[in-house]
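Assembly of the complex is requested from the two constituent chains, each provided in isolation within its own frame, with the hints serving as guidance.
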Amino acid sequence: MLSGKNSQPFYKDFWFWVKLLIFAVFLLFLVYPFYTLIVNSFFSDKADGFTLYNFERFFTKKYYYQALGNSLKVSLVPTVTSILIGVPMAYLMTRFNIAAKTFWHVIIILSLMCPPFLGAYSWIILFGNAGVVTQWLTDLLGFQMPSIYGMGGICAVFTLKLFPYVYLYVSGAMGSIDRSVEECAENLGSGKLRRLFTVTIPVVMPSIAAGALMVFMTALADFGTPGILAGGDFRTLPTLIYNEYLSETGGNANLASAISMIIVVISLLILFLQKWWVGRKNYTMSALRPPEIIEYHGMKRFWVTLPVALVSLISFLPQVIVIFCSFVKTNYSNFVFSEGFTLEHYLELGRSLATNIRNSFVFSTTAIVFILILGILMSYVIVRRRGRTGGALDMLMMAPYVIPGSVLGLCYIVAFNNLGRTADGTVIKLTGTASIIIIAMIIRKLPYTVRSGSAFLMQMDPSVEEASINLGVSPMKTFIKVTARLMLPGVLSGAIISWVTCINELSTSIMLYTGKTATMTVASYTNIVRNSVGTAAALASILTVTSGVLLIVVFKASKGKVSIV
Amino acid sequence: MSHAVIIKNAVKKYGDFTAVNGISLNIEQGEFFTLLGPSGCGKTTLLRMIAGFNTVDGGEICFDEQVINSLPAHKRDIGMVFQNYAIFPHLNVADNVAYGLKARKVPKTEIGPRVDEALKMVQIDQLKARQPNELSGGQQQRVALARAFVIEPGVLLMDEPLSNLDAKLRVQMRTTIKKLQRRLGITTVYVTHDQEEALAISDRIAVMNQGNIMQIGKPEEIYRKPANPFVANFIGVSNFIDCAVDGRDPSAATVKLHDGYSFQMPLRAPYSGDVILSARPEQLFFTEQGIPGKVNMSVFLGDFIQYEVELSTGQILELNEYTKDVDSAKNDGEEVHISFDPRRVSLYRKDTEEVLSC
Chain A
666 MLSGKNSQPF YKDFWFWVKL LIFAVFLLFL VYPFYTLIVN SFFSDKADGF
716 TLYNFERFFT KKYYYQALGN SLKVSLVPTV TSILIGVPMA YLMTRFNIAA
766 KTFWHVIIIL SLMCPPFLGA YSWIILFGNA GVVTQWLTDL LGFQMPSIYG
816 MGGICAVFTL KLFPYVYLYV SGAMGSIDRS VEECAENLGS GKLRRLFTVT
866 IPVVMPSIAA GALMVFMTAL ADFGTPGILA GGDFRTLPTL IYNEYLSETG
916 GNANLASAIS MIIVVISLLI LFLQKWWVGR KNYTMSALRP PEIIEYHGMK
966 RFWVTLPVAL VSLISFLPQV IVIFCSFVKT NYSNFVFSEG FTLEHYLELG
1016 RSLATNIRNS FVFSTTAIVF ILILGILMSY VIVRRRGRTG GALDMLMMAP
1066 YVIPGSVLGL CYIVAFNNLG RTADGTVIKL TGTASIIIIA MIIRKLPYTV
1116 RSGSAFLMQM DPSVEEASIN LGVSPMKTFI KVTARLMLPG VLSGAIISWV
1166 TCINELSTSI MLYTGKTATM TVASYTNIVR NSVGTAAALA SILTVTSGVL
1216 LIVVFKASKG KVSIV
Chain B
2 MSHAVIIKNA VKKYGDFTAV NGISLNIEQG EFFTLLGPSG CGKTTLLRMI
52 AGFNTVDGGE ICFDEQVINS LPAHKRDIGM VFQNYAIFPH LNVADNVAYG
102 LKARKVPKTE IGPRVDEALK MVQIDQLKAR QPNELSGGQQ QRVALARAFV
152 IEPGVLLMDE PLSNLDAKLR VQMRTTIKKL QRRLGITTVY VTHDQEEALA
202 ISDRIAVMNQ GNIMQIGKPE EIYRKPANPF VANFIGVSNF IDCAVDGRDP
252 SAATVKLHDG YSFQMPLRAP YSGDVILSAR PEQLFFTEQG IPGKVNMSVF
302 LGDFIQYEVE LSTGQILELN EYTKDVDSAK NDGEEVHISF DPRRVSLYRK
352 DTEEVLSC
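Going line by line, the protein sequences match chains A and B. Going from the first sequence to our numbering is simple: count from 1 and add 665. Going from the second sequence to our numbering is simple: count from 1 and add 1.
Just chain B, same shape as in the assembly (with noise of 0.2 Å):
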């Protein structure tokens, strides 16, 4: 039986670094849940300690009810799949793959038919006598992938696992382990730093950066709404422009820009000050009254045209236009006006980097 996840301000300290500080998760039975974040984020620091391979310094990580912080690795139940595969290079397919349900002592009658099983249901069943130097990254990706699954283990960790694979191919792994898990029903937990990977396979997504969770929630609402910049700079691409805010009516703040061009948008709450805004390229488009430039280059990309617009004040823009939606690109050097939908931007202060639209 799956279990839920929950992790109480759990602490990592290596030194006086703190690699994780103070996380709390709750990851409910059977989810897809993602830990994204840049190299060094402590999010495969905190897999690892999930897994048991690191010492949780402060705080719990349950599994259900039963905390295990001082439960050993091998006791904890939980299939694992690393970033470079760690098939035993010893032995072949069928014997990594039933490593585990020997070690728990399932019976041997038994042992056959689920290794044959899982391997099948990663389509190498084909390969089962192979030994592991005689296997594509690709397949022994496979084979660490049945090994870990096989045991039906309450937890299923993975640790960047797409990493090492050409692009292609990890396109093809994704969806494979994403129906793996939809089908078992495994509570897993998922590891990346590739936001578009994440977005494409999790239920839920943790942004994590400098050992703090960042934003919790669906790949969608990651994406339309980032909680600060910095989830809505690293996950996809945003434009961030100073401004000033008038919101003493929360229900029609006005934002204004440097160059003087102002618009309406609602708040959360009342605030006036300095703020940021934040738009992503595809947000923004060219119309007749707007926010006044000029086209410093345009790059042609098939499905769209990505152009790089520079504003009176200097700041440059990134703006994407679907080829479909014109009759052709626009020339370097000519003015323009750029707007957007207030409703769709984001807007933060500038001081906390709090979020302010709704």
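Chain A extracted, bound-state conformation (with noise of 0.2 Å):
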């Protein structure tokens, strides 16, 4: 034991397995799927071997690239108004006292974390064909409202659903502006208004573009709002992802796969768009002496609250919105506002839909559950034992921002659907099992975790850990008792968030599930879809009212200092 020479293996044995296991998770989970998906879009039924055939198709039938451009258009133009919403947002939530200032901000963060599709159906219940103000205006007025189904009313859910991402990222950076470079821009002449445009934006210009970078990604892989504000023909490509896939029989999917490696490009295309331009400009500002707090009093304050308290309410709107629905009688498919309240959508999810609302806890709560552990584990690796390996899992953390949902979802189908037969000829397949879903949601959240891991360990002194080995305490305990130890309280708030965001999940999950793993968003856009909206709002209720709850308590618990984006 106490021999040989130039070994180094003080803590390979842990961690190589650590490694192995982390690799393997995301081969079979990632990789190897959407390997199986690009095979998958280069053969087709209609031609033999290997074919162009379904990208041929796609760009010339105006069907299918007519969806490419509606996608691009609904990711872009809500991009541009998220930017012209957020950043003025954020300079004014910055630099003046707006009035109950903590309260907009909850508001808004909570207005990101439920799901999109939400927010589209709320706003189909006061601007639909049949809805509350539509009616209203007409039977009032005479007024006739644009329709808010297509591109119009999609554009403008998303914008008011992600402008938060721009806001979050750019308040951040406004915030850590040091004072002096401000000042000194204004004593080198130049006036507030020009000082905003020379100094402070450009500054925060990196900040803007990975807040737009969001917006544009979950814009572009979103499928619940275009699919329940589509409105006749309207396709994007996740929706048409999931019709392709719905209508190809057996499960090969070839045409949706291909779609799919096209969403894919465009996201890594923009990706790398992003980085390069951001690249070329990135200043980090360590703020000593943060902005200035401009103290406004009486009708100025008024004047500086209003617009925040203006986009706050309306972005908060609709959960505001679905949680009074869910208490209106409905009368088939409408809501009859005159009859008073009921409870009676809440006793009829008791009796028919229990099932989707533990399977959304179970799922998601089992799925943390393995994030908070391989997040811990892979985090450690990536800071501390980053060896060769270091730059591919880097790279398989950006999977995540580049793998739509829907895609990850069709990937799985088209890798798991078929893994063989048993001796009695069932077909032995994942999809279709909760497992799949869990998988899902660890392997598109993990990411977050694993940031939020790393930039804990990043600031961590290694001599503690060093502390605990040199008394006598092996490496893997140490990591247990000491390192594991101190992570867990900030992972655990960015767990409780990606929990939140796993409730929420939908695009991933409609692709996926079965009558027996249907989970809470899943019944809830089918519920829309099929026009039961007594329960759909009942349920959208519960996961808007746990998702408050749960950030609410990780943002007093962190004292404000959670990092949402």
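Read the hints as simulated data drawn from the structure, not as lab findings. Note that the coordinates shown come from a computational prediction; the quantities given were computed from them, not determined experimentally. Take these hints with a grain of salt, some might be off.
Label pairs and their calculated CB-CB ranges [claimed, not checked]:
#, chain 1, residue 1, chain 2, residue 2, range
1, B, Glu-135, A, Ile-958, 28 to 36 Å
2, A, Met-1141, B, Gln-173, 49 to 57 Å
3, B, Arg-184, A, Lys-766, 32 to 40 Å
4, A, Met-1063, B, Gln-173, 48 to 56 Å
5, B, Ser-40, A, Ser-1100, 50 to 58 Å
6, A, Trp-941, B, Thr-176, 55 to 63 Å
A virtual CB, placed ideally from N, CA and C, is assigned to each residue, including glycine.
This is the structure in structure tokens:
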């Protein structure tokens, strides 16, 4: 035991297996399914062997390529409008003594965390063809509302839903510009407005770009909103994937795979474009003196608070409407507001949808346990034991940004739908099981926990671990007793936020569910589509309230220092 | 039982960079041994090799007769005090100190008294129940110290333990550390870049530079008889003067300065050629006859006066004169003569920097 030269297996044993496990998980549930998807996109029933038939079809048939155009439109327009709303919001919130500032901030975050399709649904309740406001306007004023269905409505919903990304990134950056930089600009003769456009905005440009990227990617990948607000034949790539997959029998889904490839390629291009652009102008700043908050009083204060309040309330309105409507009586597919309140939708949930509620909680909680364990191990490997595989792990961490939920769902379908047959001839498959939905949640949300874990580890002095090892505790036990123990509080708050996003997850589960494994979001979505609006509202309310309560708990526990984005 | 630490030709490489270049050391049992050198000299790397946090790329590290190159860090039975203390932030003071004892499966009934005793020795027994974030830097340092020696390790390692403390506390703590080490008799390897600290605390010092050992010796030896110009300059301050020596007779070699002034001194071995004379500011003094020069500037520092003297060759020397030895300081611009005791200054070969003086 005390001999041998030049060997260095101090930690290798334990961490070697950890790395192996991580790579096995990602190979099996990300790389392999994605590879199958790629292969699948180059084959077709209509042609022999390797073929470009699917892509050819996509780019020649208007039905398909129109969806590409639509997708780009409903991603780009909200990106621009989100910047137009998010940047001024960030500026007002960081530079003025807005009344009830924390309240607006929390409301904005809450509206970001709920699934986008619920926002779409609320706007239908208000402004849809049979919407409350629409009818009121028509009846009383004879005024014809522009239709909320189609591109305009989708863009509006995405903007209200996603501008918080821009707001959160930019307000973070604006709060960390050192006061002296702006003072210097003023000193050099720049007026306030000139200063804003020549110094402040250029300096926060990378953050604007980061927020804009999140808006674009989320809008591009979202399935639920265009699913609900399609209004006839407005198709985007994610809804197209879903429809193509449903219409193709036998689970080959060649064309759907090809469409998925196109959406991933677009995401990658946008990601690289953003990285390249930001890479050229990265200003890191640490504010020794954060910017001064201008104290207004009376009417002036009212005027700076008003836009913040309006935007926050409008973006939060869907949640309020959904909860309100969950207590309103329904007449078939319409809410009847004149007949008072009822609990019948919730009773209905208890009768027929208890499984979905249970599924949601069980799946998300199971996923989070794995995410926590894997996330802590993985961030440790990435920060402290990079070795030659660190770069590969970093790359795997990018996956959820570029692979939309519905695409990952499709990957799993093509890869795990037929794993062979048992002796008696039944097909072995992972699709349709609870496991596959949980695995999808893990793969999609793990990177966020890994990121917060890595950030914590980078700040933690390695000598604390060395002190433990030095005192006679083996590296593995040290990891459990010291490192993981110290990481837990930080990672936990991140994990709770991931739990909230898991429970609100729709685009993957909608591809992978069966009757038994449908979650609340899936049930809510299908109920909306089936016009069973009362139960949909009740389900959505449970989601909203659960998410809200948890977020507020995390907020309180971490004293507002949670990073959502 | 405390170990002797024997290092034989230890090598550590990072790519092409050699951090530790074949170092050999014999650290005796119970000795307070210091690795001293500028930052980047390899002292911390070597210490971490002993601790087991750095691999040994060549040579051997032994505790007594046992080679420990491949012994995992947690089995080496070493106490270590880190530069930034590395206190476990989630444990209170007593639990921090008890951590190593628990890992060693020391019976519960024994842990309590041993922790109390260790805390008493570093005078923080009243802070037992405090959380780390309620402690000052100096108190954290004491916790780190207690935590390292309470396990009665075979070797105690300290990596710049005082560098984060303020000057007054540093002096106080180094006395505490030295007394504690004497009392416990644990072999201690101490790393610092602060020469005064090294002189004050060590039994022996190894001065390191660029991965090599420049000199090993007792503090006084190293100060009085630096083995090369690097040590002469790193420990204390030295004036270097280029000279030529005629040392055919080593018992009375003639050293000649460039301005013509010459004196005689004994050499270790016969040598003639270009040399460097090294003299400390306090070894120089004003005389009637000696090297001629002129006072450029004087700084009054209380117990002594510091002069900057320019020789006729243009070279600047630093000279210290004790205030108690003179009635008043010399004026700027005053013509002076400087001398020294040839038996106390050092002489080095200019080409190899080898020491020539006895």
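inquiry  = Which constraints among the numbered hints does this structure fail? Numbers only, ascending.
reply    = Going through the list in order, the structure violates hints 2 and 3 and respects the others.
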